[in-house]
Amino acid sequence: MQFEYKVEGGDFTQAGHASSQIKKSLKQLGVDSSVIKRVVVALYEAEVNIVAHAYRGVIYADIESTGIKLTLEDEGPGIPDVEQAMRKGFSTASHAVREMGFGAGMGLPNISENADNLSIETVVGKGTTLRIEIKF
Amino acid sequence: MTLRDICALVEGVPVSGQSRLDDIVEFAFASDLMSDVLTIKRDQFLLITGLANLQSIRTAEMSDAPYILLCRGKEVTKEMLDLANEDDVLIIKSKFSMFRCAGILFGAGVKPVY
Ligand SMILES: Nc1ncnc2c1ncn2[C@@H]1O[C@H](COP(=O)(O)OP(=O)(O)OP(=O)(O)O)[C@@H](O)[C@H]1O
Ligand SMILES: [Mg+2]
Chain A
6 MQFEYKVEGG
16 DFTQAGHASS
26 QIKKSLKQLG
36 VDSSVIKRVV
46 VALYEAEVNI
56 VAHAYRGVIY
66 ADIESTGIKL
76 TLEDEGPGIP
86 DVEQAMRKGF
96 STASHAVREM
106 GFGAGMGLPN
116 ISENADNLSI
126 ETVVGKGTTL
136 RIEIKF
Chain B
735 MTLRDICALV
745 EGVPVSGQSR
755 LDDIVEFAFA
765 SDLMSDVLTI
775 KRDQFLLITG
785 LANLQSIRTA
795 EMSDAPYILL
805 CRGKEVTKEM
815 LDLANEDDVL
825 IIKSKFSMFR
835 CAGILFGAGV
845 KPVY
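Sequences listed follow chains A and B, in order. Adding 5 to a residue's 1-based position in the first sequence gives its number in this note's numbering. Adding 734 to a residue's 1-based position in the second sequence gives its number in this note's numbering.
Calculated from the structure, these hints are not laboratory results. One or more of the hints may lead you astray.
What the hints assert, rightly or not - Covered, in the sense of this in silico footprint (three residues per stretch, anywhere, with C-beta under 8 Å from a C-beta of chain A), are these stretches of chain B:
hint, segment
1, 772-779
2, 785-792
3, 825-832
4, 837-844
Glycine is no exception: its CB is placed at the ideal position from the N, C-alpha and C atoms.
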């Protein structure tokens, strides 16, 4: 099963829509609830990162019987130092993002913790692609 | 403890997801930082927060913890109510501060996540 969702930078009212839809699909497929939680927490953090830090993006979800592959491609400023961005507590979030309840610098480390595989490709001034794999 | 008992202790008003009032929670976590909440491995805990927006509801949904205690009389918008009802998330509104809510519930035996 394949899904595609568009994400607009700055639009916090829609943040979480894709994660919510994926959660419903995984539930219907009878995937273990602790695995679903890992998937949707990782996806939600990645989705919020596009809203908070990029201009726009697309989420591709590929669900197979053995697991899920999520690709989040965004057009945005990119990440100049990925190692630094992965550190707990590092954040460049704006005041507006902090007011929405984000900007603790915990998203990327938490995605990494929940994923079986995580890769980050990023080009400064162009954008970022996150690939997350979680096995069922 | 049931959410109904929790509601009474903080002199709260349930504004959505009322069908969950007889559910039982053992644990609670108080934070305005949603990424912090999202690191919790446990599910079915009560989220005590002052963050009144769609993201606190989304966070409860993703965390499998569909219980929010919203402190300090924060306003629940129509958008928030619609999403909470769609996702079956119970929101209890209390006029008490986050500190006071957390203190009362801790004293009554609701356990901390950490
Ligand atoms: N898609 C992205 N585009 C550009 N920069 C990003 C992106 N994702 C993350 N970053 C950068 O990496 C930093 C760390 O990201 P991370 O998700 O860990 O924390 P945060 O988003 O700042 O706060 P939190 O996730 O705790 O709410 C961000 O502050 C930002 O500088
Ligand atoms: Mg983040």
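Now the hints, each set against the structure:
A stretch counts as covered by a chain when three or more of its residues have a beta carbon under 8 Å from one of that chain; for the segment 772-779 of chain B and chain A the count is 3, and the coverage holds. Look at the segment 785-792 of chain B against chain A: 6 of its residues bring a Cβ nearer than 8 Å to a Cβ of that chain, three or more, so the hint holds. Evaluation of the coverage hint for the segment 825-832 of chain B: breached, as 0 residues show C-beta separations to chain A shorter than 8 Å, against a requirement of three. Given as covered by chain A, the segment 837-844 of chain B fails the check, having 0 residues with a CB less than 8 Å from a CB of that chain where 3 are the minimum.
Hints 3 and 4 from the earlier list are contradicted by this structure; the remaining hints agree with it.
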